[in-house]
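So the sequences go chain by chain: W and L. Residue numbering for the first sequence follows my numbering, starting at 126 and increasing by one per position. Residue numbering for the second sequence follows my numbering, starting at 5 and increasing by one per position.
Among the hints, a few may not be true.
[Unchecked claim] According to the in silico footprint, chain W covers these stretches of chain L (three or more CB under 8 Å from chain W):
#1 431-437
#2 455-462
#3 820-826
Read the hints as simulated data drawn from the structure, not as lab findings. A virtual CB, placed ideally from N, CA and C, is assigned to each residue, including glycine.
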Amino acid sequence: MKQLSLIEISFFLKKISIFEELDLDFLLSIADKISQDIYDKDEKIFIIDQNPLKMYFINEGSVGLYDRKNNLIKTLFKENFFAEEDIFKNSLRSYSAICLKDSLLLSIPKEALFAIISEIPSVAISFLKNYAKRIYF
Amino acid sequence: MKKRFQKALGIYPKESQTLFRFVRLAIFWSSSCNILFILSTSLFIEHVGAKFIPLSYMIIAIILIFSSIILIYLLRISSPYKVFSKVAYFAAISLIILAILLSKPSFYLYFSMQVLAYVFLEFFIANFWNFLDQYHDLQDAKRTYGIYNTAYFLGFMLSGTLINQTYEKLGKIFLISIAALFMILSIIESKKIHKKAKPIEEDMVDLLFSKGKRGLKSILRQFIKSPFSVFLIISSIIVELIRNTTEFSYFKGLENIFKIHPNSDRAIAEFLGKCNAFVAAFSIIIGIFFYRRFVKRFGIKKILFIPPIIFLSLYSGWFFYHSLFIIVIAIFSDKGVLDTIDENNFNILISGVPSKIKGIVRIINNSFFESVGMLFSSILLLFLSSNNIMFGFVLSIGFLSITFLVKYLFPKAILKNLKETSICFQKSFKDRIKKISKKELKELKEDIFAYLDTKEEKIKLLAIESLLKLEDKKLLLPIIHSLKKSSENFKKKFLELLEKTPFSYEPLIIETVKEWIKNSSYDLVIKGKLYLAKRGFIDPKDLFQNNDPFFLSIMIYALKRFESPENLKLAKEKIEELLSKKETFILSALEIIAFEKEKDFFEKVWNLLDYPSKNVQRKAAYTLSKITSKDHLAFLEKILKKIKNSSDSFIRIHLLQSLEKICYPKIIKEIILSTNSQEIRHTENLILKMGKKAIPSLLFILKNQKYQERHRLLCGKILSRIHLETLTVHLKEILENEIKSAYFYYFSGTLLQKKYPMEDLNLLKKALLTSYKSKISFIIHLIGASSSLEDTDLLIHSLRNDQEIAHAHAMETLEQNCSFKIFQKISPLLDQISLEYKMEAYEKIYGKKFNFTLNNLLNILENSSSLFNRIVAINVLAKLKPPNWKKFVKKYIGSKNEIFNQYAREFLK
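Starting from the given sequences, assemble the full structure and let the hints guide the process.
Structural data, given as structure tokens:
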């Protein structure tokens with residue numbers, strides 16, 4: 126699996142809903158802080174009760190999220206993101222994340238995520254929109 | 005007693021438990037390794053001979069180089085703790101086997117013992133510090149690494165004493181068994197640490213410990229990109245060369261001196277044992293009491309020079325003297341100076357290595373590069389054995405030279421690491437491409453081209469935008485080609501993009517737009533024609549018959565391009581016509597006035613600032629910023645008044661830009677005091693243009709605490725750019741006052757509720773702590789303005805950060821960029837230490853204990869430059885109702901500030 130260049134990461138980020146409003150300069154600045162990791166099938170990304178340090182974006186492959194009883198609660202695919210909730214809640218990981226296929230994941234550290242939100246309000250609004258979509262009355 | 009002890013050692017209470025666990029661990033492994041080391045050295049000199057030292061170095065180096073690869077592999081699949089523990093198990097088993105084999109010693113056993121002793125020592129040093137790094141940041145390192153080093157020497161001393169006391173009576177097998185026992189104890193201690201201590205949180209995961217599979221190439225690239233890391237490693241290799249040369253030289257000297265002794269092996273062992281015990285005692289004293297204080301007093305940049313200067317002096321002396329005294333000095337320099345001061349320096353300096361490769365640099369340094377140094381020195385010593393002193397002298401000069409480079413690069417490396425933890429939003433795509441190589445540029449283009457065929461228009465537009473920013477004419481053809489299948493809306497966006505590029509007049513583009521307007525929808529035709537008209541590709545005569553108001557704009561541009569007195573007159577009439585129509589057309593007219601810089605319309609545009617529509621007001625302000633010149637001095641007061649009365653940042657910024665064009669120095673104070681946070685850069689540019697004439701006004705505001713900090717800071721920043729010397733002269737006085745105020749706000753905010761437990765003073769507490777933060781920001785920004793430090797926002801953010809590493813790096817950067825006295829005063833406030841320690845520091849700095857009363861506090865808040873503080877003061881007065889409180893509040897009625905006035909009235913009701 127090929128690792129991405131900085132510009133490729135920027136273009137990938139543009140496809141992610143929370144970053145779609147950003148211009149190239151902002152995208153590159155964020156891409157600069159992104160780490161890329163290749164995971165094998167069934168490899169654990171993180172487990173329940175770990176300290177949340179990163180948020181992840183799926184560039185290639187798919188990821189399963191599992192609860193405490195090891196039930197699959199959600200399957201995520203290319204261009205989906207996960208693991209930011211516990212960072213915002215300031216709590217330990219509430220689910221485990223395991224790769225369902227060989228995957229290329231991009232991740233951004235907690236501090237960088239907070240810096241983005243405080244510097245670019247449109248990202249915060251995109252997060253809110255994203256969460257609002259999940260609320261049903 | 006415990007507290008005093010902690011203070012003497014510079015330990016904070018919360019860390020003492022972990023610290024003492026690591027101290028115990030260091031004593032255990034160091035005792036074990038040093039028993040083996042001293043014993044093997046004396047047995048080696050006696051039974052194998054000093055002539056085999058270079059050969060043993062060579063073998064040790066080769067083993068270390070190969071084993072470092074295993075070590076790196078182990079670190080990639082597990083954690084520093086696990087590797088430490090595995091090495092300890094291996095060492096314990098080896099020592100037990102050695103104790104058994106020593107009953108039938110041989111030449112090879114002594115040789116192997118010597119090799120093993122070196123390998124274990126290097127392994128433990130590297131792994132112990134790696135393990136330690138997981139629990140300490142840079143500022144912890146400055147305070148506590150000296151203690152850990154001392155613990156290592158305690159083990160050293162313990163082993164030396166044990167050998168001296170028991171070697172004769174109990175023999176070597178007993179001592180090796182004791183070494184095995186110490187090793188088992190270190191396994192137990194490391195387990196306890198792993199279970200109970202909390203590692204520091206680090207966002208930047210070390211590549212070595214990262215879960216993903218990074219290639220060694222990527223790690224190597226990171227290493228080469230950091231000149232500081234490269235020079236640190238070179239310095240380390242030189243140190244290793246000096247160490248081996250010195251050891252070889254004093255072993256050779258010892259062999260000559262002790263060869264007449266009947267039991268020379270025991271005599272050498274005992275002599276080395278004694279020397280080591282003394283060196284260890286010296287190292288302990290330095291480590292516990294002096295190193296930390298020296299670093300605090302003189303800074304790491306000066307301490308770095310102690311080892312090279314000592315070695316230069318040693319080898320200069322060795323040319324002339326070959327006595328036992330010089331050998332003792334050599335042992336002291338090798339075991340004392342290198343292992344205490346230089347090792348501690350290295351442990352602090354390694355914080356300058358990029359976080360991503362810090363762990364790997366430590367391992368590679370201790371196990372690989374030091375071994376390379378050892379191998380290299382062993383080869384050189386084989387050939388230069390009679391010139392060892394000269395070789396040592398040359399190395400000392402090299403050591404000194406490289407130290408200058410390391411000193412120069414360290415602050416830059418720390419700042420770079422700090423930047424790694426933050427995101428630099430100021431760096432544009434164009435800034436980035438300036439720094440890349442031709443090969444990288446080619447790869448970049450290829451990467452972007454791949455997105456030109458995508459069906460996702462937002463991605464395609466981004467790709468085109470990126471290619472246009474590369475400003476390469478050759479790229480236009482593939483871009484135009486990629487537009488063939490695009491939607492009309494996409495083409496309109498493309499035309500907007502083109503406006504900002506240097507290619508807007510390119511024949512290829514013009515022909516393409518002409519093609520589009522032939523058979524496209526009305527919207528794209530208008531957009532296309534407007535684009536062409538602006539550039540003089542539409543004849544106004546063709547438009548005279550068209551009554552469509554949207555074509556008016558096109559016609560005006562066309563008329564302006566086909567210059568003739570009649571055309572220009574007609575264009576003006578058409579602009580007037582547009583201005584008299586509805587909002588959409590007024591906006592078009594304003595755009596034309598701005599684009600064509602039509603100064604004659606200044607008054608008309610000025611009047612539009614009062615137009616009912618916000619869009620028109622904003623466009624008018626934008627247009628004014630384009631057409632104002634020095635001729636509009638008469639509008640100065642009006643513009644200033646408009647800035648003060650407008651709450652719209654866009655309008656204010658553009659009016660400031662108009663003022664910039666008028667450039668009149670007598671209104672500096674008014675401009676600064678009416679500047680909002682979003683307009684700082686514009687005000688800065690405006691006043692910079694006024695030059696030295698602005699200095700008195702800037703200095704007046706900067707020094708006066710009654711003005712708001714943001715305005716004072718703005719003055720400081722501008723002053724640093726106009727005349728840095730003036731700022732430097734007044735800096736100390738300003739900063740000292742501010743630091744004192746910061747202490748006041750911090751202590752009052754923290755102690756307030758404790759002092760008045762019966763009152764609800766939460767609001768007041770918040771106001772005080774906010775003022776404290778504001779003071780700190782002001783101080784750091786001002787320090788940044790007066791030094792070469794650009795990223796003060798990053799520094800402030802990092803100092804407020806809970807993340808220990810970022811905080812520690814920020815402290816280091818601050819220390820490197822401000823005067824020693826100022827840093828000494830401000831550091832207790834910023835350090836992550838308890839209130840008690842901060843209060844003690846205050847007492848030490850100001851010679852008195854901090855004290856305050858509520859009345860005195862309210863009085864200060866009332867006179868504060870912050871409106872919020874004054875409101876809080878009234879609020880608290882009204883709540884607590886002290887005698888004469890109404891009198892206090894009444895004086896604010898009739899205040900110029902309407903909010904404040906209203907607030908005071910409300911309270912009196």
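Verification of the hints:
1. 431-437: With 4 residues close enough to chain W, the hint holds.
2. 455-462: Answer holds; 3 residues pass the 8 Å Cβ test.
3. 820-826: As far as the segment 820-826 of chain L goes, the hint is violated, because 0 residues have Cβ atoms under 8 Å from chain W.
In summary, the one numbered hint that this structure violates is 3.
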